[in-house]
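Colleague: Below are the chains, spelled out letter by letter.
Protein chains: 2
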Amino acid sequence: PGKKVLIVYAHQEPKSFNGSLLKIAVEELTKQGCRVTVSDLYAMQFEPRATRNDIVGHLHNSEEFNYATETWEAYKRGGLSKDLVEEQKKVQEADLLIFQFPLFWFSMPAILKGWMDRVLVQGFAYDLSKSYDGGLLQDKLSLFSFTTGGTKEKYATRGDVRYLLWPMQHGIMHFCGVKVLEPHVCYAPKHVSEEKRKEMLTAWTQRLKTIWKEEPINCSPEWYFK
Amino acid sequence: PGKKVLIVYAHQEPKSFNGSLLKIAVEELTKQGCRVTVSDLYAMQFEPRATRNDIVGHLHNSEEFNYATETWEAYKRGGLSKDLVEEQKKVQEADLLIFQFPLFWFSMPAILKGWMDRVLVQGFAYDLSKSYDGGLLQDKLSLFSFTTGGTKEKYATRGDVRYLLWPMQHGIMHFCGVKVLEPHVCYAPKHVSEEKRKEMLTAWTQRLKTIWKEEPINCSPEWYFK
Chain A
1 PGKKVLIVYA HQEPKSFNGS LLKIAVEELT KQGCRVTVSD LYAMQFEPRA TRNDIVGHLH
61 NSEEFNYATE TWEAYKRGGL SKDLVEEQKK VQEADLLIFQ FPLFWFSMPA ILKGWMDRVL
121 VQGFAYDLSK SYDGGLLQDK LSLFSFTTGG TKEKYATRGD VRYLLWPMQH GIMHFCGVKV
181 LEPHVCYAPK HVSEEKRKEM LTAWTQRLKT IWKEEPINCS PEWYFK
Chain B
1 PGKKVLIVYA HQEPKSFNGS LLKIAVEELT KQGCRVTVSD LYAMQFEPRA TRNDIVGHLH
61 NSEEFNYATE TWEAYKRGGL SKDLVEEQKK VQEADLLIFQ FPLFWFSMPA ILKGWMDRVL
121 VQGFAYDLSK SYDGGLLQDK LSLFSFTTGG TKEKYATRGD VRYLLWPMQH GIMHFCGVKV
181 LEPHVCYAPK HVSEEKRKEM LTAWTQRLKT IWKEEPINCS PEWYFK
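Line order of the protein sequences matches chains A and B.
Using full-length UniProt numbering, read the first sequence as starting at 1 and increasing by one per residue.
Using full-length UniProt numbering, read the second sequence as starting at 1 and increasing by one per residue.
In isolation and in its complexed conformation, chain A is listed as follows (with noise of 0.2 Å):
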């Protein structure tokens, strides 16, 4: 209650079974009295490239230019794109962030990653010496929640679905000095039956009405490889 939640929602159809899950999210956060708040990447044709345009005025070295450093110096200037210090703004402001989006080759969804390249810059998420648990995001948790194609079964015999969250959970959210819940798979909802979608909604409400309650993982390489 109170709390504030972000959520960044990586699909194109609000019809979708991850549009489910959004929604669901966003009744039962809301009925918590959570404030939360959307960023829809699709709707808002959010940009995934990590260019020039993120920087507004001069460079600090037009001669070569070196993303990294570019935006790092232009945090520092308040000289970084609109949409980037909007998007900053809703990340200070959480509680919570939820990251809902289709499993797309292991990963996220590139304009997912876009929003990882260019919102989490130096200065902002981390800095020269702050980062894992000195990271600049502390106080914060952060979730990840999708959907597959393959089922359970197909990830099991090819290893172990903990090993494709190393490097979001802990190559981003870690690194940031942001906490880890359990990540939230509904495997494979196009091939199972209205049924069992049902009830892996159902099992994604009863799942919100105790988040707050939730440890974070211990976000180390014995979680994911054992």
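In case anyone wonders, no lab produced these hints; they're calculated from the structure.
All figures in this text were calculated on a predicted structure; none of them were measured in a lab.
Beta carbons: idealized from backbone N, C-alpha and C, even for Gly.
Treat the hints with care, as some may be off.
Said to hold, decoys possible - Keeping only pairs whose Cα atoms sit at most 20 Å apart, straight-line, the calculated EDC-like set for lysine to aspartate or glutamate is: (1) A:226 <-> B:222; (2) A:140 <-> A:93; (3) B:154 <-> A:133; (4) B:198 <-> A:64; (5) A:190 <-> B:64; (6) A:15 <-> A:160; (7) A:31 <-> A:13; (8) A:226 <-> B:160; (9) B:226 <-> A:160; (10) A:82 <-> A:54; (11) A:23 <-> B:63; (12) A:15 <-> B:63; (13) A:3 <-> A:27; (14) A:190 <-> B:127; (15) A:15 <-> B:64; (16) A:190 <-> B:63.
To be verified - Partial list, computed: chain B residues near chain A (C-beta under 8 Å): (17) 13; (18) 16; (19) 51; (20) 53; (21) 54; (22) 65; (23) 68; (24) 104; (25) 110; (26) 155; (27) 159; (28) 166; (29) 200; (30) 203; (31) 218; (32) 223.
Fit chain B to the given chain A structure using the hints.
Modeller: Then chain B, alone, in the frame of chain A:
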């Protein structure tokens, strides 16, 4: 000699270290008599977002947009957008795919992830029961060549760099039936001496001289997680 190579390149700045690695690869492979094609994603302003625009003409199901289904159907009837058809042609012709990029957040920059998301559609790169060793892009090799911001030591303290290669090498290339050569990692070129940088460039040329004699890795969990 006579081999065809596609280099998919994702850096904004030709003068960058990635730009040098690209230049060197084009020179060395051309010298060997290979036919080299480069997809310079930023220069092409390559679109990373997976949207309805990738399908020319009518949708299979316009009531509820599903990207995977629509691109699959569009591929079968020759209805994918021109930029995708062109990239697929390049992939089809290539014996070796080299991905050259700076590591962004333990993964590819969004513009390159978008290339994977949009180019490697069902029907073209894989199909219902045609994946992994049965994938549709067999008899091809791939190589991930990237630079990092952090030093080798920094990566080593938090697990192995191989962990982050799982989604890219196994989840994408292996899934499509493409064999994977050892990755080529240049650690922290921004933070080493000019001499060390030159050594790294020379090492890349040297490696490419015998690239056609290399054996692919065994792309199973053991390689990544021991």
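Colleague: Give a verdict on every hint.
Modeller: Each hint, compared with the structure:
Of the pairs offered as hints, the one joining residue 226 of chain A and residue 222 of chain B holds, with about 13 Å between alpha carbons and a cut-off of 20 Å not exceeded. With a CA separation close to 9 Å, the supplied pair residue 140 of chain A and residue 93 of chain A stays within the 20 Å bound. About 15 Å separates the Cα atoms of residue 154 of chain B and residue 133 of chain A, which keeps this hinted pair within 20 Å; it holds. Of the pairs offered as hints, the one joining residue 198 of chain B and residue 64 of chain A holds, with about 18 Å between alpha carbons and a cut-off of 20 Å not exceeded.
With a C-alpha separation of about 12 Å, the suggested pair residue 190 of chain A and residue 64 of chain B falls inside the 20 Å cut-off, and the hint holds. Of the supplied pair hints, the one linking residue 15 of chain A and residue 160 of chain A is violated, its CA atoms being roughly 30 Å apart against a limit of 20 Å. Note on residue 31 of chain A and residue 13 of chain A: the hinted pairing is violated, with a Cα-Cα distance of about 24 Å set against a maximum of 20 Å. With a CA separation close to 14 Å, the supplied pair residue 226 of chain A and residue 160 of chain B stays within the 20 Å bound.
Among the hinted pairs, residue 226 of chain B with residue 160 of chain A is consistent with the structure: their alpha-carbon atoms are about 14 Å apart, no more than 20 Å. Simply put, residue 82 of chain A and residue 54 of chain A have alpha-carbon atoms about 8 Å apart, close enough for the 20 Å limit, and the pair holds. Taking the CA atoms of residue 23 of chain A and residue 63 of chain B, the gap is about 18 Å. The hint holds against a cut of 20 Å. Annotation: proposed proximity of residue 15 of chain A to residue 63 of chain B holds, straight-line Cα distance about 9 Å (limit 20 Å).
Between residue 3 of chain A and residue 27 of chain A, the direct Cα distance comes to roughly 14 Å. Compliance with the 20 Å bound is thereby established for this hinted pair. Under the criterion of a C-alpha separation no larger than 20 Å, the hint pairing residue 190 of chain A with residue 127 of chain B is consistent with the structure, at around 16 Å. Annotation: proposed proximity of residue 15 of chain A to residue 64 of chain B holds, straight-line Cα distance about 6 Å (limit 20 Å). With a CA separation close to 15 Å, the supplied pair residue 190 of chain A and residue 63 of chain B stays within the 20 Å bound.
Against a cut-off of 8 Å between C-beta atoms, the interface hint on residue 13 of chain B holds, since the closest Cβ of chain A lies about 4 Å away. Satisfaction of the interface hint for residue 16 of chain B is found here, the shortest Cβ-Cβ separation to chain A being roughly 7 Å, below the 8 Å cut-off. Using the Cβ-Cβ criterion of 8 Å, the hint placing residue 51 of chain B at the interface with chain A is satisfied: the shortest such distance is roughly 6 Å. Evaluation of the residue 53 of chain B hint against chain A yields a violated restraint, the C-beta minimum of about 11 Å exceeding 8 Å.
Contact between residue 54 of chain B and chain A, as hinted, is not supported at the beta carbon level, the nearest pair being about 11 Å apart and thus beyond 8 Å. Hint status for residue 65 of chain B relative to chain A: holds, with the closest Cβ pair at about 4 Å, below 8 Å. The restraint placing residue 68 of chain B at the interface with chain A holds, with a minimum CB-CB distance near 7 Å, inside the 8 Å limit. With a cut of 8 Å, the hint placing residue 104 of chain B at the interface with chain A holds, because the nearest CB-to-CB distance is about 5 Å.
With a least beta-carbon distance of about 3 Å to chain A, the hint placing residue 110 of chain B at the interface is held under the 8 Å criterion. The closest approach between the C-beta of residue 155 of chain B and any C-beta of chain A is roughly 10 Å, which is over the 8 Å cut-off, so the hint fails. Using the Cβ-Cβ criterion of 8 Å, the hint placing residue 159 of chain B at the interface with chain A is satisfied: the shortest such distance is roughly 4 Å. Taking 8 Å as the C-beta contact cut-off toward chain A, the hint placing residue 166 of chain B at the interface holds, the least distance being around 5 Å.
Here the hint on residue 200 of chain B is broken, as its CB sits about 17 Å from the closest CB of chain A, past 8 Å. Hint on residue 203 of chain B is violated. Least Cβ distance to chain A is approximately 22 Å, over the 8 Å limit. Nearest Cβ of chain A to the Cβ of residue 218 of chain B: about 13 Å, over the 8 Å cut. The hint is violated. With a least beta-carbon distance of about 11 Å to chain A, the hint placing residue 223 of chain B at the interface is violated under the 8 Å criterion.
In this structure, the earlier hints numbered 6, 7, 20, 21, 26, 29, 30, 31 and 32 are contradicted, and the remaining ones agree with it.
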